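Peer 1: Sequence positions in the sequence shown follow numbering that gives the first Met the number 0 and run 0 to 153.
Mixed in with the good hints, there may be bad ones.
As a list, the in silico DSBU-like pairs of lysine-lysine whose alpha-carbon atoms are at most 35 Å apart [to be verified]:
1. K105 <-> K35
2. K95 <-> K35
3. K91 <-> K35
4. K91 <-> K105
5. K95 <-> K105
In case anyone wonders, no lab produced these hints; they're calculated from the structure.
Quick caveat: nothing in here was measured; it's all calculated off a predicted structure.
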Amino acid sequence: MTEQTDEWTPAFRGQRPPFRPGHTLSTTHAAYSPRKVDPLAAELVDQALADPEIPYLRAPSYRPALWAWGRAEARVQLLADHLAAHEQDGCKGCDKCVRWDEQLRKWESAAAGHRGRLGLDPASRARLGKDIASAQVDIARLLAGLDNEGPDHG
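Kindly produce the complete structure, drawing on both the sequences and the hints.
Peer 2: Spelled out as structure tokens, the structure:
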């Protein structure tokens, strides 16, 4: 029985070894890499869950929406950082920058939509608070009406 070795031998001079599992050599901005996006998204979600001003986010029904928001925000951050570094290296509007900028705008829009639905910006949080207060008033009126129709009022 022959023993298998993990040694690699180049087929020609100058050939580089094959990529190993888990490599990052082909990663550019990492906005589509779960290895980069997910930890950053988890950090953002944890920060939102820890915010005492938005306790409703801790309800299990919010988890999918929070995760979608966190991933969109993480992608925005990764793309923005990569684009800034690329421009700092002297790029002035190359094709790559234009594509990354388009992706950045797409993810910024998605993140803003998620923030709005979750009440994570001042305007949407005020709107959500108003809706909750209105619903509580409606429930109170309904309960008051039920009390008025009890056995003593019929």
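Peer 1: Indicate, hint by hint, whether the structure satisfies it.
Peer 2: Evaluation of the provided hints:
1. K105 <-> K35: holds, 19 Å
2. K95 <-> K35: Status holds; Cα separation ~20 Å.
3. K91 <-> K35: holds, 26 Å
4. K91 <-> K105: holds, 21 Å
5. K95 <-> K105: Holds: K95 and K105 sit about 15 Å apart, inside 35 Å.
Checked against the numbered hints listed earlier, the structure breaks none of them; every hint is satisfied.
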